[in-house]
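**Q** Use the sequences and the hints to build the structure in full.
Protein chains: 4
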Amino acid sequence: MKRIPVGILGATGAVGQKFVRLLEHHPQFFCAELVASERSSGKRYTDACNWIEDTDIPEQVRSMTVKGVDEPLESPLLFSGLDSSVARDFERTYAEKGHIVISNASSHRMESDVPLLIPEVNIDHLRLIEKQTTPGKIITNSNCVTMFLALVCAPIHRELEITSIYVSSMQAVSGAGFPGVASLSILDNVIPYIKNEEEKLETEPRRILGTLKEDRVVPASFPISAQCNRIPVINGHVMTLNISVKNSVPVEDLSTLLSEFSGYPQKQKLFSAPTSPVIVHKDPFSPQIRKCISHSMSASVGRIRSCSNVDYKMVVAGHNTVRGAAGAALLNAEAYLAKGYTL
Amino acid sequence: MKRIPVGILGATGAVGQKFVRLLEHHPQFFCAELVASERSSGKRYTDACNWIEDTDIPEQVRSMTVKGVDEPLESPLLFSGLDSSVARDFERTYAEKGHIVISNASSHRMESDVPLLIPEVNIDHLRLIEKQTTPGKIITNSNCVTMFLALVCAPIHRELEITSIYVSSMQAVSGAGFPGVASLSILDNVIPYIKNEEEKLETEPRRILGTLKEDRVVPASFPISAQCNRIPVINGHVMTLNISVKNSVPVEDLSTLLSEFSGYPQKQKLFSAPTSPVIVHKDPFSPQIRKCISHSMSASVGRIRSCSNVDYKMVVAGHNTVRGAAGAALLNAEAYLAKGYTL
Amino acid sequence: MKRIPVGILGATGAVGQKFVRLLEHHPQFFCAELVASERSSGKRYTDACNWIEDTDIPEQVRSMTVKGVDEPLESPLLFSGLDSSVARDFERTYAEKGHIVISNASSHRMESDVPLLIPEVNIDHLRLIEKQTTPGKIITNSNCVTMFLALVCAPIHRELEITSIYVSSMQAVSGAGFPGVASLSILDNVIPYIKNEEEKLETEPRRILGTLKEDRVVPASFPISAQCNRIPVINGHVMTLNISVKNSVPVEDLSTLLSEFSGYPQKQKLFSAPTSPVIVHKDPFSPQIRKCISHSMSASVGRIRSCSNVDYKMVVAGHNTVRGAAGAALLNAEAYLAKGYTL
Amino acid sequence: MKRIPVGILGATGAVGQKFVRLLEHHPQFFCAELVASERSSGKRYTDACNWIEDTDIPEQVRSMTVKGVDEPLESPLLFSGLDSSVARDFERTYAEKGHIVISNASSHRMESDVPLLIPEVNIDHLRLIEKQTTPGKIITNSNCVTMFLALVCAPIHRELEITSIYVSSMQAVSGAGFPGVASLSILDNVIPYIKNEEEKLETEPRRILGTLKEDRVVPASFPISAQCNRIPVINGHVMTLNISVKNSVPVEDLSTLLSEFSGYPQKQKLFSAPTSPVIVHKDPFSPQIRKCISHSMSASVGRIRSCSNVDYKMVVAGHNTVRGAAGAALLNAEAYLAKGYTL
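Protein sequence lines, in the order shown, are assigned to chains A, B, C and D. FYI, our numbering numbers position 108 of the first sequence as 108, with every residue one higher than the one before it. FYI, our numbering numbers position 274 of the second sequence as 274, with every residue one higher than the one before it. FYI, our numbering numbers position 212 of the third sequence as 212, with every residue one higher than the one before it. FYI, our numbering numbers position 175 of the fourth sequence as 175, with every residue one higher than the one before it.
You can trust all of the hints, since none of them are fake.
Same chains, same label: a pair holds when it works inside one copy or across any pair of copies.
Think about it this way: if two alpha-carbon atoms lie no more than 25 Å apart in a straight line, the pair counts; the simulated BS3-like pairs of lysine-lysine are:
no., residue 1, residue 2
1, K200, K282
2, K195, K43
3, K282, K195
4, K282, K43
5, K2, K97
6, K200, K213
7, K97, K131
Calculated directly from the structure, the hints in this document are not laboratory data.
**A** Now the structure itself:
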């Protein structure tokens, strides 16, 4: 099978680099165009980019010349790691020119005709793109920490109907991109505030777990109360959850429900799909990000137990720049093609 | 005024060292006896002790000979930093011999005739000691993370009547003592479990905020749901809270209620009493442990805001080995004396 | 080809776990016996072991029963991750019983008939085993930080004749095993002392780079001045070197000499052999352990430049528990077999 | 005594903030003017400044309005924490306008008529200012890591005559200012390169330890070979030294020489002067930055021992933003006044 040429928007940034890395051995896609801001365009990728991944820059892209955001692109499929401050307009423009834009930015996530897609959870939302009037389309994935909340809550909400969620997060510095958080700010510290993060975490999951009615997403009705904190770890977001449901089941059954959760990517055996979207840990000391998230596309959940106030409490962890960002976008592109949409 | 000779039980441990440090310039007490396990007894303190404080060992105790737990002590007042595994029996024995034991251990906290004392919050509980039948008495302070929850919730409960609490904590490694948490376990990691910690955090605050009826504490009735995590910071516990109350007031009023909170130690101007037991931060990036807890006896609270699920949410931080341990015990001893009890 | 059953001594420790992990997909060996102290013997590996690797325990060993050090073993080949305090006697005993012991412990390294082997550097030293009078044999690899010094200095010494070395190291906490260094000791700190480490680093490289004369190793004569420090990183030892040589060449030539260095494992294409034992970095910000050592069997060297005092200075980094420990032992076993020795 | 009004150049930066903090309780100086770039000028200090110190902003400066670098200043004495990129011109201009500029920037350090002053070491160099033709004067302190090398080497050079130095440093992130080093770059990592740092460390100590001949500094002649590394600690620079001398003495005598070292600030009992400029540690695990540098104005030295290659090796540590920056400048100003120079 011939691999599809793809472009990466924001290719020199932290998410862009993760796209480059994850695409290196991808069976369907190959990195054909690297796009970045004016400051980088015209340079060799290896010169334009302050590479922060812990593997070498893939041979194939090393000497590729970075294109500017204003240059025409040939790749039908674009992965966007653009900063939200510029993503709105650029992504729209690329869609107008006929590209399929698989975006990790927050700009278009809440628009009524843009799928906020997690293929295991709401693959049916993908058909929102049919309402988009541009020749190309925009498909988005969720905020990094939202991803893990949504993956864990999806089977719970489907079977037990969630009525409220409390979430308190501990988030890695890589979530802020590069240079992101100053070491002088975060070493030996906790920063109890991440701009706009709680708003995303309180609204995105409800759209993701919402139901499609007459081609509109009716958001799930349960409220989410979020508190987001930055802690001195490199990769991996962790959160504690308290969840109340309408139809409570014993903790053991909830645990089974989560470990047996599976969706479209698993059925279709998509390349980036994890075997299990949710991995359940029984050891009380798990999940630990250092041990469980290594380039994983799963959410890890542990310490599932009864709560004195609501029905359940538990801990969830995941890799914020893999499943929480670039990996999520790759899976979305794979699902788009598997569903028979064309480029 | 002549300073009172005091003994430190568990003097070579992490809490014991903090006692030694905090006593160095104390106007009422001086360190007269250092007590530790067999392994250390008979040695000079400076040889017995793997000193971990960031100041020098106070001159006065350097060459003091460490006594064993089985040796008779002369100091009427003892501060106990004993490990809970041995504290129960030793502290009881010292009380039987007539010593006033101010304990940081968890062993006796929930006994009906032992005050679990935070002088700002429940100074009236102190009179439980009158029910103790031993010649000496035992007075305890709370678990480290409980302290900050209790300080913040005390004025809220008194004025608004708390009906439920959700707490998710991020706790420093110093809370586990020395050697405590292996660096290989916690660097770049979160450990989502601390043995027995959630149990303490779910029960101790209710006793502390309970009411004295016929010389028994009737615990506060609100349930607490706790999730405790260890993170890679040295000192300082941080927690996010969600609180529901019976009589809600606007956020601004809650904020005022907290910043104006004051109690017995403030009125009596006790030496270890902070000016304000609760410091309210307005900047959304506060409180940060690196900036706000420096040997402080206060709880710092910030990000007080409405919650979509219950009434309020907020972040609380404090110094776990100062106000959360040794400093709390010192304040308890000062309150004991201020109340007119004798040694 | 049938895989050879091997035993791991000290299987529950940090090095033992790395052996288990590296053997999972090894084409020549498979983990047949796990041996540990009395405390662990009789238990399932998964219960006996506080697994600290960031991958799952390999399926194959999960439910294997751990054997005691006093039980007879069937595997002809044993990898020893025993603590040096017990390695001397146990390893000797196993050799007496006919096992080939590939040891990572320091106990036997300096014995006249035991090869202190780095196959790229001194494969000829392997024949020292022929002087061992036991039915089995003992082969050792070097101390972790010594490994990277020796790999880099080998080609320099061979071509230019080293006359003195200054080395200052920054070593990861994993080098101290588990639990090893307390987090309370090392977070936000440098510990400027590692017991016995400087002695090893000042003597082992001279033996490794020594010449075989009449079946004895005559150590290289240059002196090494070592200063070893522990820093708060998880994996990866870094060191700065100053090197004086007899026959100086331009820096560029030295750089070429290092990058072209290759030895027996490369020629024989041994499974654990890196393509290049020494990788030369040109970017002044390299080598960085976070980026270059990922489970690598190479030493990384960078910032090669002239020194105002002696000939050269440079920075060297490597993975202390892979090439610096378990991986080194695996390569030694592969070299042993490639050389035609039997089990 | 009336306190002298001083201005702080670069008042919102990391060094500027340290000036503000150290001046809070200074008996001779008080902070009268805060100067920063255009971006900050006109704002209240508390709004202009991202305060990173771990104490509160001193009450006195909170609502002070920040002045621009082009505004005329009234304070006769200015402390400069300006970035080197702009310090050259601005400091010169202020000196032309008659201000005494006590600078922490590197711009003017190597100019023939500017003292690179460490009052314990080269107080006689101060008279170089008499050669400056401007109405005001410029006095500089050394680079942060240079300071600790110079303090330790001064008594050695004076008594034993140093003939060469090897230094390998481990430097805290605060040395790079704010925002400085990205957390994503340095967490769990070592960066083996700090731009321009080795050049400073190889030249500044020679000027500092140089001798004044006919109003010119003749630099000390020994060569210094420096290798500088950034490690993940907040405050505190550590370095290993190898030193060769002309007139060797036993290690014990060297140790005494260092601990008895004292200079002009000690004699004059200047406010910022430490009791001992060099503190000698005997415990091999010392000096540790977490334990010994707490806002200290001393260099800490430990592990003094013989070296196989040259005469001595040892470890040195110090607080890079206190003695290595703002504190050094304060001491220089105090020495300037003590020497009878006027404002």
